[in-house]
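Undergrad: Now for the letters of each chain:
2 protein chains.
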Amino acid sequence: MTIEEVSILRNDMKEITKQIMQLVNQRMEIARKIGAIKTNLDLEIIDDKVELGIKSYLFSNPEYLNLDPEFSGRIVNMLINESIRIQNLEKNKLNGKQEIIEHKTNSSVQPTKSPPTKDEHKIHKFEIKSHLDVFNAAKNLELQGFKIIHMEVGEPDFLPPVEVKNELTRIYEMRRFHYTQTAGIRDLRKGLSNHLANISAKNGFDIFEPISPDKIIVTPGGRFGIFCSFSALLRPGDEIITIEPAWPACFDCANYLGVKNRVVKTSLEQNWEPDISEIENQININTKIICLNYPNNPTGKILNKKSYDKIVELARKNGIYLLSDEVYSNYAYEPYRSVINFDYDKSILLGSFSKTFAMTGFRVGYVYSRNASLINKLIKIQALALTSVAEPMQSCALLALNSDPERNNKIMKKRLEIMCEHLKKLPFEYVFPDGAMYVFARIRRDLDLTDLKLVELLLNHGVAVAPGSGFGSNYSNYIRLSTCLEETKMIKGLEIISDLVGKL
Amino acid sequence: MTIEEVSILRNDMKEITKQIMQLVNQRMEIARKIGAIKTNLDLEIIDDKVELGIKSYLFSNPEYLNLDPEFSGRIVNMLINESIRIQNLEKNKLNGKQEIIEHKTNSSVQPTKSPPTKDEHKIHKFEIKSHLDVFNAAKNLELQGFKIIHMEVGEPDFLPPVEVKNELTRIYEMRRFHYTQTAGIRDLRKGLSNHLANISAKNGFDIFEPISPDKIIVTPGGRFGIFCSFSALLRPGDEIITIEPAWPACFDCANYLGVKNRVVKTSLEQNWEPDISEIENQININTKIICLNYPNNPTGKILNKKSYDKIVELARKNGIYLLSDEVYSNYAYEPYRSVINFDYDKSILLGSFSKTFAMTGFRVGYVYSRNASLINKLIKIQALALTSVAEPMQSCALLALNSDPERNNKIMKKRLEIMCEHLKKLPFEYVFPDGAMYVFARIRRDLDLTDLKLVELLLNHGVAVAPGSGFGSNYSNYIRLSTCLEETKMIKGLEIISDLVGKL
Chain A
1 MTIEEVSILR
11 NDMKEITKQI
21 MQLVNQRMEI
31 ARKIGAIKTN
41 LDLEIIDDKV
51 ELGIKSYLFS
61 NPEYLNLDPE
71 FSGRIVNMLI
81 NESIRIQNLE
91 KNKLNGKQEI
101 IEHKTNSSVQ
111 PTKSPPTKDE
121 HKIHKFEIKS
131 HLDVFNAAKN
141 LELQGFKIIH
151 MEVGEPDFLP
161 PVEVKNELTR
171 IYEMRRFHYT
181 QTAGIRDLRK
191 GLSNHLANIS
201 AKNGFDIFEP
211 ISPDKIIVTP
221 GGRFGIFCSF
231 SALLRPGDEI
241 ITIEPAWPAC
251 FDCANYLGVK
261 NRVVKTSLEQ
271 NWEPDISEIE
281 NQININTKII
291 CLNYPNNPTG
301 KILNKKSYDK
311 IVELARKNGI
321 YLLSDEVYSN
331 YAYEPYRSVI
341 NFDYDKSILL
351 GSFSKTFAMT
361 GFRVGYVYSR
371 NASLINKLIK
381 IQALALTSVA
391 EPMQSCALLA
401 LNSDPERNNK
411 IMKKRLEIMC
421 EHLKKLPFEY
431 VFPDGAMYVF
441 ARIRRDLDLT
451 DLKLVELLLN
461 HGVAVAPGSG
471 FGSNYSNYIR
481 LSTCLEETKM
491 IKGLEIISDL
501 VGKL
Chain B
1 MTIEEVSILR
11 NDMKEITKQI
21 MQLVNQRMEI
31 ARKIGAIKTN
41 LDLEIIDDKV
51 ELGIKSYLFS
61 NPEYLNLDPE
71 FSGRIVNMLI
81 NESIRIQNLE
91 KNKLNGKQEI
101 IEHKTNSSVQ
111 PTKSPPTKDE
121 HKIHKFEIKS
131 HLDVFNAAKN
141 LELQGFKIIH
151 MEVGEPDFLP
161 PVEVKNELTR
171 IYEMRRFHYT
181 QTAGIRDLRK
191 GLSNHLANIS
201 AKNGFDIFEP
211 ISPDKIIVTP
221 GGRFGIFCSF
231 SALLRPGDEI
241 ITIEPAWPAC
251 FDCANYLGVK
261 NRVVKTSLEQ
271 NWEPDISEIE
281 NQININTKII
291 CLNYPNNPTG
301 KILNKKSYDK
311 IVELARKNGI
321 YLLSDEVYSN
331 YAYEPYRSVI
341 NFDYDKSILL
351 GSFSKTFAMT
361 GFRVGYVYSR
371 NASLINKLIK
381 IQALALTSVA
391 EPMQSCALLA
401 LNSDPERNNK
411 IMKKRLEIMC
421 EHLKKLPFEY
431 VFPDGAMYVF
441 ARIRRDLDLT
451 DLKLVELLLN
461 HGVAVAPGSG
471 FGSNYSNYIR
481 LSTCLEETKM
491 IKGLEIISDL
501 VGKL
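The listed protein sequences correspond, in order, to chains A and B. If you're matching positions, the first sequence starts at 1 in the UniProt record's numbering and goes up one per residue. If you're matching positions, the second sequence starts at 1 in the UniProt record's numbering and goes up one per residue.
Please keep in mind that the hints were generated in silico from the structure rather than gathered at the bench. Warning: the hint list may mix true and false statements.
If several chains are the same, the list does not tell them apart, and a pair holds so long as it fits within one copy or across any two.
Claimed, not checked - Here are the computed lysine-lysine pairs in the DSS-like style, where the Cα-Cα straight-line distance is at most 27 Å: (1) K165 x K33; (2) K310 x K91; (3) K288 x K380; (4) K129 x K380; (5) K14 x K33; (6) K14 x K260; (7) K489 x K18; (8) K147 x K414; (9) K377 x K91; (10) K410 x K288; (11) K190 x K139; (12) K380 x K260; (13) K260 x K413; (14) K93 x K14; (15) K377 x K129; (16) K33 x K18; (17) K305 x K425; (18) K260 x K377.
With these hints in hand, go ahead and build the complete structure from the sequences.
TA: Dropping the structure here:
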């Protein structure tokens, strides 16, 4: 063996690389042709079944035994994604449009007509895609002097616990404003391990193993828990499975990381219960995470026992992580099982102080996993990205744990009951939520109204609600109504809705 | 055009995909062979020049004109990285080792001997690589009852401004605990635009254009500004240039993102001035960012006018971003130029409240760039990762801007003078820092002592200092001494050092 041999082998490698790229080029030429035909025939560009077909065809093939299957899967996913991009390019070229923008833009929303007037009958047009767009549009209207009833956002209107108030006045004197351990103040993590145990006990379920504070990391909000977990576990070309309708954070993070999001849709008819065989069908060699969110935003659904058991079995069989976003744990009106009530170590629990203690702006969330090496990875990523969570905010969170958030649960449940009583009389269909703080209501077909039209109409009459299409592509005939506002305001809002849809 | 045609084309695509994967398989077989030969000949697995060779060979080739070059580059990078992984696997197999762990681990530091005693003469062994390891080891010793003088960390010992104290007591009552705009509270961004203008004015330099609050984003600490900027601008296979010795955040973030870090070393002999031709030599087609940090951590260096001019010219000529970490702006003892004093729009200023206002634990930093589209990208990434910075912390930062941090500058300068007076009499070499709050001191050669040995010795006698090797591979005969502690403690620490090195 000599260095000359290395040189010869390197030349072979270069040649092979060149051939690979020539074939990639050919593949993209075909993609262009397919794009043109699909545009002419008005077919959807993305076809999940064809994609999965390509993968299973390849991986049933013994020639690749020497290749790392994950690596191969990623390469194939990259080729597929580029093909889709090229087909879209072709479609837009033929349709005379510009290239579509890769990432969804949260365009700041502004009424198109100006200058503003206070004439209630003047109709503003909005560019709305999600609940955040509605929130921004509503804020703009308020700046113009309009009064808006906010039923679009998930920010509880309660005050944070009084313990937090007291702690804020002590922070300076106690000098609690330094760097902390990246994983978070130890007392806070200890407090959280009790807190989690208590939630399970309250719901009547056992924790599989004692919760070690060493397996908890405190993050700046639940969102960073998702971002961090995805960053730790996923690479471009990997895949996740989400169950829609869904809060779009998982989708957005996946998109950002070049990760494919495979969607399982659920329906009102099926009481928002996912079809397990559909989840199974989406699983392939690159599937790394199944994302769960129960009590669910936007439907309020809590998964039934049988479905949850089956999902855990599927995950176990395929070695897939279960990321369970349980930020609505305090707003369960039926017993709810946490992912930590299962004997499954590839599970990730995501929690937050935002909803439970009405502390959205403090930005304190946390991740717990029995998997110590995963938590260590998250700690490394957090150390890299932001050192640690602000100590004053951690201290406030620690003190909040001394309070009982049960009262918030009671109030929210009562509001949901009132809201549903009102909706009963209106042309909406819904199931009473098992948890959370929203009603996800379908607009009755005979109204012949899309979510965006209805959202716009309501906004022009002082009521902000979230469009269903922000939670998945199948839900453009839904709106999400939040109960994060005082009862009287909420009733006033529902009356305005009643008046408006009554006239339609 | 019919749907049957799509079906035929899809089959062609499958076949091509299969051929691609067969070639990929062949390529990895070659990688395995090369790995075996390199192991036998004891050659390095990674060879920068060969990598660049493959890329330039491919991209000089007209056959790929139809392929998106970024996409092709990523595919090639994936192939190269997988080859490296396979070569390493082969090497470890032949050497009888397990697969190497991909990411660097920051092993938590613990004294190896236990149980602990308070016997001052008992020598603990530490696993130390960076100032953070020293900090953790020192904290562990303190838990065991030892007294430690902390000269290893860059956390000012001052109190935050009294305005912050007052604001903390108002947060709850004023209900400043909600989600804010992702870019940060508008008043805070307005305040920062004045703050930045004032710093430039104080140093006697002009700002090229008025600082718009719309081009500022408030981040959870300066670190997230780096993480976010890198995420926005870099993809695996891209490159950055850093000037060492350096705070390791840029290196760590680059490493995490699969970005190559090319290093330009500076030396005490050259008064820490970088050699511009060396920077120029490192620039190639993949270079996206040059990272600057003046006043510098750890040397305290402020770049001279000529060097800075040349670096800006180099960046302009090659279309490279300049990321200027100016978190020590308040601790400049010589006039210092900010990157915003240049007429260059691919510049990024990174600032923080941590050092200037002694607010490390509040985790508030910011990024300003004239490049509005870059700031919009950062806003999107921050929205995705963490929604917004905690509102109470932003409110405190806003109030801090009403205070004058000049006093902190005066105290730190005086401490540096005292420290250097002491060091003069000791076997250390250094240049008096132009700024910041450290002395980066070289251990005189005749002591025949590495930084890690000295750090361990000092730690065992109650003084924590940072090892030079944490700031770059050429600096294992340096220690960094911080002036973030009261004068009397600092003098005590220096006396202990004096006693110890006197005995060597």
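Undergrad: Which hints from the list above does the structure break, by number from lowest to highest?
TA: Hints 1, 2, 7, 10, 13 and 17 not satisfied by this model.
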